[in-house]
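Participant: Sequence:
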Amino acid sequence: MKFETLALSPLILNAVAECGYQELTQVQQEVLPLALDAKDVMACAQTGTGKTAAFALPLLQQLLEAERESDMESTSGANARTASLRVLVLTPTRELAIQVADNIKRYSQFLPFKTLAVYGGANMNPQRKGVEQGVDILVATPGRLFDIIGQFGLDLSGVTALVIDEADRMLDLGFVRDIEKVKRLIAAKHQTLLFSATYSDEVKRLAEKMLVQAQWVNVAQSSTASGVTQEVYRVDQRRKAELLSELVGRHNWQQLLVFVSTKESAEHLLQELKLDGIKCAVFHGDKTQGARNRALEDFKSGKIRLLVATDVAARGLDIQALPLVINLELPFAAEDYVHRIGRTGRAGLEGRAISFVSPSDDAMLAEIEALIGMPLPVSVIPGYEEGAPLPARYRDAPPTKKYAGPNAYVQRSRKGVMDAKAPARAGKYAKAKGAAGKRGNGAQGGNKIKP
Numbered sequence: 003m004k005f006e007t008l009a010l011s012p013l014i015l016n017a018v019a020e021c022g023y024q025e026l027t028q029v030q031q032e033v034l035p036l037a038l039d040a041k042d043v044m045a046c047a048q049t050g051t052g053k054t055a056a057f058a059l060p061l062l063q064q065l066l067e068a069e070r071e072s073d074m075e076s077t078s079g080a081n082a083r084t085a086s087l088r089v090l091v092l093t094p095t096r097e098l099a100i101q102v103a104d105n106i107k108r109y110s111q112f113l114p115f116k117t118l119a120v121y122g123g124a125n126m127n128p129q130r131k132g133v134e135q136g137v138d139i140l141v142a143t144p145g146r147l148f149d150i151i152g153q154f155g156l157d158l159s160g161v162t163a164l165v166i167d168e169a170d171r172m173l174d175l176g177f178v179r180d181i182e183k184v185k186r187l188i189a190a191k192h193q194t195l196l197f198s199a200t201y202s203d204e205v206k207r208l209a210e211k212m213l214v215q216a217q218w219v220n221v222a223q224s225s226t227a228s229g230v231t232q233e234v235y236r237v238d239q240r241r242k243a244e245l246l247s248e249l250v251g252r253h254n255w256q257q258l259l260v261f262v263s264t265k266e267s268a269e270h271l272l273q274e275l276k277l278d279g280i281k282c283a284v285f286h287g288d289k290t291q292g293a294r295n296r297a298l299e300d301f302k303s304g305k306i307r308l309l310v311a312t313d314v315a316a317r318g319l320d321i322q323a324l325p326l327v328i329n330l331e332l333p334f335a336a337e338d339y340v341h342r343i344g345r346t347g348r349a350g351l352e353g354r355a356i357s358f359v360s361p362s363d364d365a366m367l368a369e370i371e372a373l374i375g376m377p378l379p380v381s382v383i384p385g386y387e388e389g390a391p392l393p394a395r396y397r398d399a400p401p402t403k404k405y406a407g408p409n410a411y412v413q414r415s416r417k418g419v420m421d422a423k424a425p426a427r428a429g430k431y432a433k434a435k436g437a438a439g440k441r442g443n444g445a446q447g448g449n450k451i452k453p
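FYI, in our numbering the residues of the sequence shown are 3 to 453.
By construction, these hints were calculated from the structure, which means they are not laboratory data.
Glycine residues also receive a C-beta, built at the ideal position from the N, C-alpha and C atoms.
Worth double-checking, as some hints may not be accurate.
Unchecked claim - Ranges of calculated distance between the beta carbons of each label pair, as one might list FRET restraints:
(1) Lys-185 with Asn-220: 17 to 27 Å
(2) Glu-387 with Pro-12: 56 to 66 Å
(3) Leu-392 with Pro-35: 52 to 62 Å
Based on the provided sequences and hints, a complete structural model is requested.
Facilitator: As structure tokens, this is what we get:
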């Protein structure tokens with residue numbers, strides 16, 4: 003189904019074409035007609051399925067039609083137009099707020115509407131000034147929204163369309179009361195579009211409170227993974243980091259997003275990878291917004307090849323054409339697995355997701371397979387599987403205190419890493435074809451992934 007078949011303005015269609023969109027995704031096919039008809043919608047769809055366009059395009063069309071009606075009634079002329087807040091989009095994280103606002107700006111590039119993102123972790127004054135100068139569409143995290151309301155008296159009474167994006171994550175972060183308060187502050191007659199990757203009892207209760215005569219759209223939870231090749235590698239828990247470095251060198255991977263479950267694991271893995279000369283950075287909640295922005299920009303630009311992230315911090319990350327996601331540690335919730343792999347295979351592109359699994363992960367792996375409705379193919383990299391003999395440098399090096407325990411990574415000494423007789427994980431791949439200098443030192447070769 004093509005966008006031209008919908009009742010959208012040529013100005014919007016031109017912007018969609020500029021973005022390179024041709025065919026509607028499943029969620030867009032189901033949500034767009036309902037939203038254009040001003041229906042309340044509850045959509046269960048994963049990240050990477052085109053959700054932003056699904057709600058932004060119909061709301062832009064409604065704004066445009068309201069603008070034309072206003073122009074017909076007005077005698078002051080088009081030059082007198084003043085932006086007024088009519089669409090509010092709530093997101094759980096700063097990164098998602100920025101991403102959504104950027105996408106809406108692209109969709110509205112030929113329209114007169116102003117879009118602004120407000121979020122915590124950044125100077126409030128520029129955001130406040132942007133609001134004061136007039137905005138039609140406001141994308142906000144709940145905390146910063148209420149900061150601006152409380153300190154500067156932002157009026158939401160003119161908002162006629164409310165979007166709640168990633169509602170399940172909003173609930174996880176404790177924003178339910180903020181969402182309910184927003185409903186009381188906006189216009190009594192309004193349209194609500196609620197999107198969630200999962201459909202839990204909590205999300206259902208929120209939808210029942212927020213929506214009126216809602217239309218329900220359920221895009222299969224595994225749909226995000228339709229363009230993603232998913233694999234499981236069986237590996238000794240203590241050698242996950244080593245195997246990661248081995249594979250990066252062997253395949254000369256140039257851009258991969260690696261997920262771990264905790265900030266401590268992220269920092270530990272960062273140090274391990276740096277010992278092997280792999281340019282990388284971490285992305286987690288303890289990092290300042292500036293540090294996270296720099297890490298993300300360096301990753302997108304190719305200055306670093308590997309980004310280590312936690313689940314909460316990485317929600318909303320949009321990295322175009324990301325070829326590979328690796329789950330070094332499985333998440334605590336099966337739903338987060340789908341969010342993770344949704345970072346690759348976006349916008350109709352193919353992607354790949356590899357999960358490193360040890361026996362202690364089997365219960366969560368079973369939950370993930372039940373959620374996505376299929377078993378994941380399992381492979382073994384000889385020498386790294388559970389029960390395989392550990393190299394001498396591992397047997398001789400005790401684990402660090404912080405990571406001691408049966409599931410600990412074994413911290414190698416720098417001497418062991420650099421010893422030519424006991425080469426680091428890069429091993430014979432340090433001089434792999436296509437590498438520039440030492441492995442992990444900015445090798446070129448694009449984002450292709452070899453099997």
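Participant: Determine for every hint whether it applies to the structure shown.
Facilitator: Taking the hints in turn, this is what the structure says about them:
{"no.": "1", "hint": "Lys-185 with Asn-220: 17 to 27 Å", "verdict": "23 Å, holds"}
{"no.": "2", "hint": "Glu-387 with Pro-12: 56 to 66 Å", "verdict": "58 Å, holds"}
{"no.": "3", "hint": "Leu-392 with Pro-35: 52 to 62 Å", "verdict": "59 Å, holds"}
In summary, this structure violates none of the numbered hints.
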